[in-house]
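Number of protein chains: 2
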Amino acid sequence: MRYSQALIPTLKEAPAEAQVVSHVMLVRAGYIRKLAAGIYTLLPLGWRVVRKIEEIVREEMNRAGAQEVLMPAAVPAELWQESGRWQAYGAELLRFKDRKGADFLIGPTHEEVIVDIVRRDVKSYRQLPLNLYQIQAKFRDEPRPRAGVMRGREFIMKDAYSFHADEDDCKRTYQRMYDAYLAIFRRCGLAFRAVEADTGNIGGTLSHEFQVLATSGEDNIVACDHEACSYAANVEMAQIVPAEKATPAAAPREQVATPGQRTIEEVSGFFGVPAAALAKTLVYRRDFDPETGKGGTLVAAMVRGDRELNEAKLKRALDASTLELAGDAEVERATGAPVGFAGPVGLVVPVVADHEVLAMAEAIVGANAADGHLRHVVPGRDFQATAADLRVAVEGDACPRCGKGHFKAYRGIEVGHVFFLGTRYSKKMHCVFLGEDGKEHVMIMGCYGIGVTRTAAAAIEQNHDEGGIVWPMAIAPYQVTLLSLQPGDADVRRVSEELHEKLEAAGIEVLYDDRDERPGSKFKDADLVGIPLRVAVGKKSLAEGAVELKHRRDKEATKVPLAEIVATIEAKVAEELARGRT
Amino acid sequence: MRYSQALIPTLKEAPAEAQVVSHVMLVRAGYIRKLAAGIYTLLPLGWRVVRKIEEIVREEMNRAGAQEVLMPAAVPAELWQESGRWQAYGAELLRFKDRKGADFLIGPTHEEVIVDIVRRDVKSYRQLPLNLYQIQAKFRDEPRPRAGVMRGREFIMKDAYSFHADEDDCKRTYQRMYDAYLAIFRRCGLAFRAVEADTGNIGGTLSHEFQVLATSGEDNIVACDHEACSYAANVEMAQIVPAEKATPAAAPREQVATPGQRTIEEVSGFFGVPAAALAKTLVYRRDFDPETGKGGTLVAAMVRGDRELNEAKLKRALDASTLELAGDAEVERATGAPVGFAGPVGLVVPVVADHEVLAMAEAIVGANAADGHLRHVVPGRDFQATAADLRVAVEGDACPRCGKGHFKAYRGIEVGHVFFLGTRYSKKMHCVFLGEDGKEHVMIMGCYGIGVTRTAAAAIEQNHDEGGIVWPMAIAPYQVTLLSLQPGDADVRRVSEELHEKLEAAGIEVLYDDRDERPGSKFKDADLVGIPLRVAVGKKSLAEGAVELKHRRDKEATKVPLAEIVATIEAKVAEELARGRT
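Quick note, the sequences are listed as chains S and E, same order.
So in my numbering, the last one in the first sequence is 582, and the numbering has no gaps at all.
So in my numbering, the last one in the second sequence is 582, and the numbering has no gaps at all.
Keep in mind the hints are simulated off the structure, nothing from the lab.
Any given hint could be a false lead.
Same chains, same names: a pair is fine if it fits in one copy or spans any two.
No more than 25 Å apart at the CA atoms, straight line, and that leaves these computed lysine to aspartate or glutamate pairs for DMTMM-like [claimed, not checked]:
(1) Lys559 <-> Glu509
(2) Lys123 <-> Asp516
(3) Lys34 <-> Glu78
(4) Lys439 <-> Glu556
(5) Lys123 <-> Glu13
(6) Lys524 <-> Glu576
(7) Lys315 <-> Asp287
(8) Lys97 <-> Glu142
(9) Lys34 <-> Asp289
(10) Lys97 <-> Glu78
(11) Lys539 <-> Glu504
(12) Lys439 <-> Asp516
(13) Lys123 <-> Glu517
Isolated chain S (complex conformation) (with noise of 0.2 Å):
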């Protein structure tokens, strides 16, 4: 491809809007283009990353045994309705109506739609399992869009669903998702971690998500630093092995006047303890009902005064439908003294407790009355709580399954995630099998998405420098960037054209900057478009019959002479590309 000729709107500028990385040099390199806030246009350089994405993800599920469909965008209602999605998504939705006054949406996901196609033309175990996926465009209306493509509104997702006969079938094609996905994320040339996830609202029990590494990510990933473990778990996950428990204190009980100390860092200071020292007691309203305002009754919840507790694990320990903080009110109304004051001694309301927390000799706690707290609390003697693993896992925390290793904490972009489903959305939308036995079976399900557009981003949040992106080879745009320095000079021309003809005959993606301009400008906008491999054709070089090669990732370039050129090439794009498949 000639640069004269394509389209690559470089800017010296992003927009001021434009603050994370991928954001900013996807707009200045000409990869992406705003049309409205959170939907981008994929200009020719941002298309071809996303297509070589789509294409590694194509040949990895279709290699898993997975079959390609494409669902349309445009979904009834009345399949939302019947799952229940219709009224319980909110806003993220794109709700419409059809010329004839009926309600559509355009799907921000597709297990409705799959599920009423498998259930029409699937009716025996003989045709199961079933694993579907598509790529296509989703809209799904983020409240604040913002950070480019990373979290647009409208973008491009890989999503996967598969059905089964049974729960041991379906774990069988989860694992060869979770393969498939450490095949992709590899061939994309990232550095990630597979992590246990939470299965959030799309429910299930079983997920993993797939975190690139980057410190601008937003996830928190805990992974365990022994050499021969692979245990990695986003925080909300992370199991933290119990501590042991120490000798509990021998010395009584006792309430002491605070006046105005309720936060662990004033009640820390008041008695001169470190935080751990201190047991704090949150009060949480579970299983409430907006629609109707029934159910919420009140729950405790303590983890050590320097620790923070993990709702996700304190919504799976009390098997919560929802959970929130109660308000000032009911916890008054709970332990009988303002918010600051509550603790575990003599509440009435149920306690669950970190195990940490149950491990401490003594702790200072609040009083449950207004200006006080008890010290040389101890637990199983001042108070009872059920055990649970209610905190956030930090760096540092001993490694649940090897027992050797610690966690090194990271901070991950989720491009992919698996889930088993199981009958989540089969139960509810009837569809069902004849089993083996002659009778009516509810298929298991799992589903398995991967952001693609995300992942072309998150790729950059990884692998730039201030001069702009540096592209692993596999998803880089074009392999090669083919810098003619002098175009005006006809030596120069004759060779880079000659170079262009043929690195192309080989199969080589080149980006021919021909353009009419200086050296210093081209370097620049190269560096800015981040293609992993440069040749620059010069006078200086060319008189002594040798081109410059440079990786992106390095700082010098090399002589190579001029006959080697094209197989240095070759051997170059074909070493990069075969490492991620290894």
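Chain S is fixed; fit chain E onto it per the hints.
Using the frame of chain S, we list chain E on its own:
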């Protein structure tokens, strides 16, 4: 691909609503499933066909110098307000409000979006020309969606838009797109015609349709039957060679009482002459603006009694912005007679007449008086009219291009359309550039569309028999279907499995029917699904060391020695794929 693991839900019966062949067969053969009126899921086989067409489109577009992008489906209303289409488009347009209440639409076509991109990033003649395309699911809320994916509400389209500094350059790209379209439909293995077409609502001054020939087609086209001539046109556009003027009749014109004789049939019956001896006069209202209720002057148009008036031609001849038949009251006011008795003699509104009318020796026409006609009316003597080409072309009309051949009539399915747009969008949306002269100019545009899903349906309308689809090789979902006739037999199974492996290793796309079904049902499904080559492995032929090979087009299978079958298939596939490329 093993049939036993594939989702190919063939049906004995198609739904009653399916009326056209392609709809019936796509549903019966398990290619598509309906989600809502005019909205279909592409199942694995359907999606494979569409992907193959997409890839052919993509290769030829890239070869022709176009660059692929992806624009958002969700488009802010402002851009369409700027072009005026937000107001002009009717209920076909999917409009919605986002969560903040802003007006959006799902783009049925993307002129506004691409113009917005280009006007922001392209400033100089040095950045032109540009030709940008995308392949995308579109939504148009058709009032009567029907015919399956032939005219659906959601469908896949390739839309391209080119930008130029001058008209000549635009015409060069237009020609390049025209040639690319020839290559695309040729490679798809279709019999088609590129025909001159009306520019309709898209506007512009030059356009060609690409029509797949099929008796079920909705469009009427004519093409010259002379072997050396390539003239072809939509009947709306087909130029008609003016007839030679007959010697005017000498008889004086005479009014005849024709009580109640209004239609051509009635009047020709009354006079005992053929319809060709009559000339009919139709009154139209032109340039009426429905918004302001202003404009709308009347005009009369004449064609011979046996001809059909072509409103598209009339509109062009008059250079009218709108055109519609006048109401009864208007006709009476203009002619002084009730509908059915209009004629050109003494008429106060302007008259435009088809060449053929003006060439008549004499004609019978309405008398502009109730229950009266005039005979022996001689054009030029008894009335004056502007001459124009107004009638619908018919088979047998002389070719306007070569002057030797005559029109043959065909029915076609429009699968592609190229337009020279001019400045229709670029002017309204101020899409300008600095020319070599240092001055600002408006860009000249072309636009070029292909209905991808419709091409798949059109291929079936053209290629099928009673048993099912007969795919051209290049767009068949698989190239070969391999039937294991007695999968329970050890030899048959072993040979089938080996053949499956060998064919796949040779890069052949195979659908391997390994199901535990009777041969008869496998043959039936193979015919229905329509894969070009069928290899049957059965006990009988295997005893002779052979398998049976049959082309879907042929009646009889031939025996091919097992040792030669892979090479035979490779050769046949290669030959058929090559045929479209010549």
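> Between copies, within a copy, both or neither: which fits Lys123 and Glu517 at Cα up to 25 Å?
Replying inline: between (65 Å within a copy, 17 Å between copies)
>> One pair to classify: Lys123 and Glu13, alpha carbons no more than 25 Å apart. Within, between, both, or neither?
In response: between (58 Å within a copy, 17 Å between copies)
> Given a CA cutoff of 25 Å, do Lys559 and Glu509 count as a within-copy pair, a between-copy pair, both, or neither?
Replying inline: within (21 Å within a copy, 45 Å between copies)
>> Within, between, both or neither: how does the pair Lys439, Asp516 come out at a Cα-Cα threshold of 25 Å?
In response: between (74 Å within a copy, 22 Å between copies)
>> One pair to classify: Lys34 and Asp289, alpha carbons no more than 25 Å apart. Within, between, both, or neither?
In response: Neither: 40 Å inside a copy, 36 Å across copies.
>> Please sort Lys524 with Glu576 into within, between, both or neither, judging by C-alpha distance up to 25 Å.
In response: within (24 Å within a copy, 48 Å between copies)
> At most 25 Å between C-alpha atoms: does Lys97 with Glu78 qualify within a copy, between copies, both, or neither?
Replying inline: both (12 Å within a copy, 21 Å between copies)
> Between copies, within a copy, both or neither: which fits Lys315 and Asp287 at Cα up to 25 Å?
Replying inline: The answer is within: 10 Å in one copy meets 25 Å, while 69 Å across copies does not.
> Within a copy, between copies, both or neither: where do Lys539 and Glu504 come within 25 Å Cα-Cα?
Replying inline: within (23 Å within a copy, 50 Å between copies)
> Given a CA cutoff of 25 Å, do Lys439 and Glu556 count as a within-copy pair, a between-copy pair, both, or neither?
Replying inline: Cα proximity of Lys439 and Glu556: none, with 70 Å in one copy and 44 Å across.
> When no copy is specified for Lys34 and Glu78, does a C-alpha distance of 25 Å or less occur within a copy, between copies, both, or neither?
Replying inline: Between copies, since 14 Å is at most 25 Å while 34 Å is not.
>> At most 25 Å between CA atoms: does that hold for Lys97 and Glu142 within a copy, between copies, both, or neither?
In response: both (21 Å within a copy, 13 Å between copies)
Violated hints, listed in ascending order, are 4, 9; each of the other numbered hints is respected by the structure.
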